[in-house]
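J.: For chain A, the structure is supplied; the task is to place chains B and C on it using the hints.
These are the residues of each chain, in order.
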Amino acid sequence: MTQLASSAALKATMARYFQALGDAAERKTAPVAWCTSVGPAELLRALGFQVFFPENHAAMLGAARQANRVMPLAHAMGYSQDICSYLTTDIGAFRLDESPLASYGLRGVPRADILVFNTNQCRDVRDWFEYYGRHWQAPVVGIRSPRYLDEVREDDVDGVARQIEAIIPPLEAVAGRRLDAAALAETVRLSRRLSDLWGACLDTAAHRPAPLTFFDSTIHMGPAVVLRGAVEACTYYELLLAELEQRTLAGQAAIPDEALRVYWDGMPIWGRLRALSELFAEFRTNVVASTYCNSWVFSALDPDDPVHSMARSSLELFIVRSEQPKEEYLERMVQRYQVDGLIFHDCRTCPNNSNTRYGMPQRMTERLGLPTLVLDGDVNDLRCFSDEQARTNVEGFVELLTDRRPAGTR
Amino acid sequence: MPATEALAVAGIDVGTEYVKAIVLDGDGRIAGRAAVATRGYFEDRAWEALHSSLEDARMAEADLRALGATGFGSGRVAQATARFSEVACHATGAFHHLGHAMTLVVLGGHDPQVVSVGPDGSLRASRGARSCAMGLGSFLMYAARHLDVHPTRLEELAAAASTAAPVSSYCSVFGSTAILERLREGATREDVAMGSMWSVAERVVEIGGLEPPVVAAGGVAEFFPGVLRGLQALTHVEVRTAPEPMFTAAVGAALQARRS
Amino acid sequence: MRHWAGVDVGSWNTKAAVIDEARQVVGTAVVRSGADLKGASERALREALVAAALDPTRLVQVWATGFGRRSVSFAQGSRTELDCHARGVAAYVAGPLTVIDLGGQDSKVIRVGADGRRLAHRMNRKCAAGTGSFLEEIALRLGTDVSKLDALAGTASEDLELGSFCTVFAGTELLSLIRVGKRPGDLARAAYRSLIKRVIEMDVLQGTIVATGGVFGHHATMVRLLEGQLGRTVIVPPHPQEMGAFGAALAAQESSLIPAGKEASPPAARQDEDDE
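Residue numbers (our numbering), protein chains in the order written: chain A, 1 to 410; chain B, 1 to 260; chain C, 1 to 276.
It cannot be assumed that every hint is accurate.
[Claimed, not checked] Stretch-level coverage of chain C by chain A, calculated; a stretch enters the list once three of its residues show a Cβ under 8 Å from a Cβ in chain A:
1. 79-93
2. 107-121
[Said to hold, decoys possible] Non-contacting residues of chain B with respect to chain A, defined by C-beta distances greater than 12 Å in every case (computed):
3. Ile30
4. Ala37
5. Glu55
6. Gln79
7. Ser85
8. His97
9. Ser122
10. Arg153
11. Ser162
12. Gly175
13. Glu181
14. Arg182
15. Val204
16. Pro225
17. Glu244
These are computed hints drawn from the structure, not numbers from a lab.
Cβ atoms here follow ideal geometry from the backbone N, Cα and C, with glycine treated the same way.
In isolation and in its complexed conformation, chain A is listed as follows (with noise of 0.2 Å):
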């Protein structure tokens, strides 16, 4: 696997962010808000707020393989094992006063003035933010969303967009200035535009063969979750695609001589990610797409309609979705990257992004004629997860699919 030169912009694009965010923690040169994944984050960076983004603090822990150092602590404040593991691994860090921002010159975690979810992808998130918002007397506002859509209806993005709008002023008290619509429209426009280039940038891995795979994905996606809206994620987002772009003209393949083509549905295996990836590589296997790094393209957004676009795009997410509409969308993913099979992520402490509990693997085989392999694991606990299982596993998945080809087309 080579490397893509964009890395190095990557690196330097996240530590100016990470670093502004300490700036602005430490030194009060701006307010700072701590926003769920795919919450209104276009909202708090018009207001001129910083805003952190705890799952992704809680990845770099578990790609650092911190995580089952630190979650017993949360275990023992009553945070089960049987709930999110960036919950319990984000919590457990702060207790233990430790954290990978360390790196980038922060004393830990940027104090919040105010936090921000939004439930359309988990009750979680609101726990894990009234923690701290309990711990720094900080407000903790949000979005309380409907879930599993079969349709995304007119009534519920009016729902979701007049909650957006009501925290509004308890937003503007906290930031001390008051919402400007062309800052916000200007932000919308913004986090579009890094929304299509994200997605372009994904869209190149439907070229045989693929110039990147989910795992380099997985790695590049930073800025398109902590930077949507800002410039800086546009300009690197212009790089990455100029790079793709170029390799998918020379022919270049992000897994020498790609003999299959596969497609992940779920949560990465953070602190897995490097061996999955030399596994998938040994056996000349691209993980060529995945829902989870499609999660972070916006199509809905639109800077003519602020509010109301960023409460539909909240609401267009896979994970908000009811099983009928995923299996529409996996299937749409299978016929554009050409995949040979699907691999379903069970993750032990995160229910709402395995797509396996209620029989989906079983009716997309039905449905694609495809093979599909469901592995056993978590986001962040190892403890889930079994590397001669999930070898044994991928391997055993591979070969199926290798025997499946007909003779000739290797």
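T.: Chains B and C in isolation, oriented as in the chain A frame:
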């Protein structure tokens, strides 16, 4: 039948892995002790343990004023004059030895407990582990088996470790797969032995409530002190061991029987 | 006559099987895996060759399978145990079929189509429920050796239920039943029944049901109880415990029987035989 004029008392703790029996003389000093593996034979092994401890104390059943029973199989001790909960007996036993308030970590074969003991020896609160973290003793037995040592030698192996190989698992029993994986990756048996003990310590940390001073009791504390070192390293809290930790509850049962 | 061998390195035991040109098993062996997997694989192969009264030089190829397949340094290729169990069973039984392979640490349900090719598989989640180690724990609790459990269950007369999903809890539940005076034979059978329930809920069982792995091989009561539960016949092929090793030997034979000129495929274990 226990004699009313006798001064000695005995306590018997019928655990899932071992039956422990203790004889206290009239001054409350330990006069005899015995431990035998349970293996599902509660009645027989309880009798065996009691009589071995009496033999150790050079006494007979007739010399006992009372016999207190505790533990998973306490109901199968026909001669018992009274029965008490394990947690209460551990608290009484540990307080008898140490005489101060403490957080008592009870590590037996099956169900770990964190027990808060007040300055007067009273039992204040106790918390157990989550369901998938039970079977700590069994897990260590499996670990020993994979490392080709007798369970009592696991500690020796761990003491020579340079680092703890990560062997955590959501399920206690399944943790043994992690042991095999680490060995196959080339981790030393010593490091895996230590890692097994640390994984037990992690599950204790999760229970919470480890307010100093922390004292450990139970069979795991007796045979696998490496678990306590792991606990200390993870919490930065000093963990002391109750005297004769395997017999703490048996001592408590004897004392409680004398009072009742 | 040419011969091929397969070595299946499992978490508890390492199995070896030697086959001849007619795909007949001529020798097998089972040894403890322990911590030295390479040593165990060498020992198993040596013993299987002794059983077959065969000189090692007669082996065309040896392939490896099982969780420790990558430790078999002398193997010319490898396949997962998912592949090898399906392959081995398909040599005896026509598809569509479902293989239930119960090992010490893993239980697997493998679905095979009418063409003998694998369709899908399910492995137990990272939990000891539904694996052979459950029986180890139960035997320990009953104060017996796991090898005597089947005979013990044969003496059962009372139907008891173990309600616990979890190995650790089932162990405790068992002790509670002992405490109230239940008989070991009844408890052993209850343990088998509990294990079967865990396994059959892993996947839909379609076609002919075939049981493989050491647990079914050594615990005939399990097979009978499984048949009772499913209401149909369960096939136990010859050498159920060595089925993975047999499948690996078949894979070895298949790879060396591909047409001349194509044999130059790299011996790399994990690369599939792709030479186009």
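J.: Are the hints correct? Go through all of them and say.
T.: Okay, the hints, checked on the actual structure:
Here's how the region 79-93 of chain C fares: 5 of its residues keep a CB closer than 8 Å to some CB of chain A, so the rule of at least three is met and the hint holds. Given a C-beta distance limit of less than 8 Å, the hint that chain A covers the region 107-121 of chain C holds, as 5 residues qualify and 3 suffice. In this structure Ile30 (chain B) is separated from chain A by more than 12 Å, as the shortest Cβ-Cβ distance comes to about 34 Å. Interface exclusion of Ala37 (chain B) from chain A stands, the closest Cβ pair being 30 Å apart, more than 12 Å.
Against chain A, the non-interface label of Glu55 (chain B) holds: every CB pair exceeds 12 Å, the least being about 44 Å. Non-interface call for Gln79 (chain B) relative to chain A: holds, since the shortest CB-CB distance, roughly 41 Å, exceeds 12 Å. Even its closest Cβ contact with chain A, about 23 Å, leaves Ser85 (chain B) beyond 12 Å, as expected for a residue assigned away from the interface. At roughly 26 Å from the closest C-beta of chain A, the C-beta of His97 (chain B) stays outside 12 Å, upholding its exclusion from the interface.
With a closest Cβ-Cβ approach of about 23 Å to chain A, Ser122 (chain B) is found to remain outside the 12 Å limit, as its non-interface label requires. Separation of Arg153 (chain B) from chain A is adequate, the least Cβ-Cβ distance of about 26 Å exceeding the 12 Å criterion. For Ser162 (chain B), the requirement that its beta carbon stay farther than 12 Å from each beta carbon of chain A is met, with the minimum near 18 Å. The non-interface label for Gly175 (chain B) is inconsistent with chain A: the shortest C-beta to C-beta separation is roughly 8 Å, within 12 Å.
Non-interface call for Glu181 (chain B) relative to chain A: violated, since the shortest CB-CB distance, roughly 5 Å, does not exceed 12 Å. Not every Cβ of chain A is farther than 12 Å from the Cβ of Arg182 (chain B); the closest lies at roughly 10 Å, contradicting the non-interface assignment. Non-interface status of Val204 (chain B) relative to chain A is broken: a Cβ of that chain comes within 12 Å, the nearest being about 9 Å off. With a minimum CB-CB distance of about 20 Å to chain A, Pro225 (chain B) clears the 12 Å threshold, and the non-interface call stands.
Chain A leaves Glu244 (chain B) outside its interface by the beta-carbon criterion, the shortest separation being 28 Å against a cut-off of 12 Å.
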